[in-house]
Amino acid sequence: MINGLNISIILFLVGLYGIITNKNVIRIVMSLSIIGNGVVLFFISLGFVEDSVAPIIIPGVDNIVDPLPQALMLTMIVINLCLTALALTIVTWLYHEFGTLDIGEMK
Amino acid sequence: MTSRIIKTITRVLFPFILMFGIYIIIYGHLSPGGGFQGGVILAMAIMLVVVVYGHNRFQKFVPYLLFIEIVGVILFILIGISGIASGRQFLVNLGTIPLLNIIIGLKVFSGLILMYLFLSRWELKND
Amino acid sequence: MKGEIVKKFVVASVLSLLGIIIITSTMLTYSTNLTSEISEYCLENLSLTGAINVVCAILLDFRAYDTLGEVLIIFVTISGVVLLAGRKK
Amino acid sequence: MIDHLPIFLLITPLISAIFLAFFSLFSKTEKIQKITAFIGLFLPFFYLVLLFQDLSNGVMEYNIGGWIKPFAITLVVDELAFTLAFITSIITFLSFIYSLKYMKNKDGKFYFFFLIMVSGLYGIFLTGDIFNLYVFFELTVVSSYILITYGDKKVSLKASFKYLIVGSLASFFFLLAIGLLYIKIGLLNIEYLSIHIHNIDTQTQIVIFSLFLGAVGIKAAIIPFHGWLVSAHSTAPSPISAILSGITVKTGVYIFIRIFALGFTLQNLNEMIMVLGAITALGGVIGALVEWDIKRLLAYHTISQVGFIIVGIGAFSTIGIAGGIYHIVNHAVFKGLLFLCAGAIIYRTGTKDIREHGIGKAMPITLITYIIAALSISGITPFNGAVSKSMIESSVYNYPLIWLILVFASIGTVAHFSKILYYSFIKSPKNFKKKKKYQEVPLSMQLPMLILAFFCILLGVLPNLWLDNLILPASSSIISGYSAIQIKFLDPLHILKEWIIVALGLILLKVIIVRSKDIDKLRKLISKFNLNTCIFIMVITLISILIFLKIAN
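Protein chains in written order, with numbering that gives the first Met the number 0: chain L, 0 to 106; chain S, 0 to 126; chain X, 0 to 88; chain F, 0 to 552.
Here chain L stands alone, though its shape is the one from the complex (with noise of 0.2 Å):
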């Protein structure tokens, strides 16, 4: 029973695990982008289809994954890049405005 999906399911809980036990905020910022991770890997574990290629359509080729959840996780690898980019820049700003970075102690 150990296929992508449940890997990947496995992998999203790992980095809840990390939101919700780490104080320091960039721990926090890292086990969100292991999420993201987890739900492209889910994604992409759920077009596979058994000894098949890349869809690439050569004259050669018949049996192709999906290729729909590969486009998909293309957006959402960029966004997930966004969102991590946006989440380090307000972490370099909480640094500098609160001296710590520990999310308890910002009052």
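Incorrect hints may have been included.
[As the list claims (entries may be wrong)] Facing chain L, a subset of chain X residues (Cβ under 7 Å, in silico):
id : residue
1  : L14
2  : I21
3  : I22
4  : L33
5  : I37
6  : V80
No wet-lab data here; the hints were simulated from the structure.
In this text, all values refer to a predicted model and were calculated from it rather than measured experimentally.
Glycine is no exception: its CB is placed at the ideal position from the N, C-alpha and C atoms.
Here the structure of chain L is known, so what remains is to put chains S, X and F in place on it, guided by the hints.
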């Protein structure tokens, strides 16, 4: 970060990464790849140089990069409206896939470099 | 320090419970053949787009509207980063 | 001729945003930027009026890219999408005019993000494709993170960070649910999803629905998922929090309606949603009990009003859903007005704490508009809140417990808004010697407030104008039974009930004032919740929803 070995290696590697990135963008719709991946590879080529030679020297390129961003979005919407001008719905493809690839490639390229330049402003002034 | 470990153990067990519920109730497996109708439609009309790489064809032709939204997201994030990081300290 | 109205509606704010960015690169003068922003926000009115005529002959579809329906991304303009797009254009245009004076010292880039957020909102309400819904929702949410940081310095950064983490968590839940739907049905068009959804096995349907509920719960701030909303909406600048509370929370409710209309074949789903809505309504009011900061109080009341809407939709009867949708419209109007009044008070007095206000008669326009908004939020007869609240309450008659919770919530609402009225306007401020003479806010801030107040009255006095041609067809498209309901307007039973609620509210106010000491103790307890415990509570609620649905089916 400024030892001679690293500088010579970047001078050697830089053109190859650049060419590989451009190849991925232009041949995106024929071989595995596309606008996004090619743009990232291009950005990595420039990033290599910016990291090794210090980011302060490259801060003056920021207005040009912002200009690329805005022109990229304007071109994308113009292509969309060209679909309407041709009488059919918005974003109808009139053989414009390579052009869109190049636009997205340039956007992701300038976006990543801008992100690095602005986030690196907060570095402690050690080098 | 002891309270910290207990708290982490509780969180870990709650999350693994959530994982077990989702994994057991969906029982997902890899598909053996291409079932999604959208991909079949895209493969049929691929010749209209002129691209061989189906992922690129979907991204830039069949679902170009998604890519428009996503190009906007890059644009907004970059100007957001430029604005926030550019503010005087 | 294919009419391209839906696309023009979405593109105009975009093009003006891009021109604004172009101008801000070269010329530093603010004038051009404000004019382009004005054009970008004013044109959508014409498109919407034209759309309204086309809407009369059936739902409009627009396939992007020229592909056929279930495989291309289609823009669907039905009554529900039209009402929300119309309300968005009104509220965003008015708070743009309001922000001309209010954001005087901030730099020009503010309007760029403002316009992108507006085009994101139009994008959400128009798409008929579920992944596209995610992309445009992310566009709106990203631009609202940046807009929040325009608020007061330190606190808004922390609120924006918290909102970013919780918001992207909601998007990841949403994506997981889309993935599960795609693996079972292989389609992404919402209309075709609702056709094929019944042949998914119930176990997966349970997981899909609870993941969607988790995502929408965070976006629409249903009670266990509401942690982020209060700090985000209270620290944002007032015109932005007017839009956040008025429209962006409504996108969560809109997505909830679209998903709920997919037609999940699960038993007693409606009861669970109604209970969640009732808890949210009461929880928002209890949360507001301890607040002295005017904007945090309004943010808590946004949560409780969303609870009313969720109950209305959970009732899944024509009157319930019509009441819910009509309350979305009303809430956007009077909550936007309340935030603009709060902004006017803060603009003059500088402090957010209502105990230091004591404005008295110095600001007549703000006083009048505030009273109109307060009366309509607590649902007094001639104003718009009464119509939709009575519809929601009458849709829950056969669930007495939920009806009782809703009544308690409206009592709390009356108490809190008379508390603001009493402290901000009537009572002199705490330290008496600081009694400054406040003069009225400039005209460009008064105008939006007066227009919104006029809408409050118009929606309340003439409900049938909106109900018959917009709200009822919208609710009929969700449930097949279209029974034209006659709003029993001005019937004595409702008025009597309202005045009882007002009386009880004033008594509750007396109790709050007398016992304000131990309320501060309660405040300490509530303020202990930080980001980690909020998300932990969300996970626990998600598990309990999953287990409840598993037992019930």
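Go through the numbered hints given earlier and state which of them the structure violates, listing their numbers in rising order. The structure breaks none of the hints.
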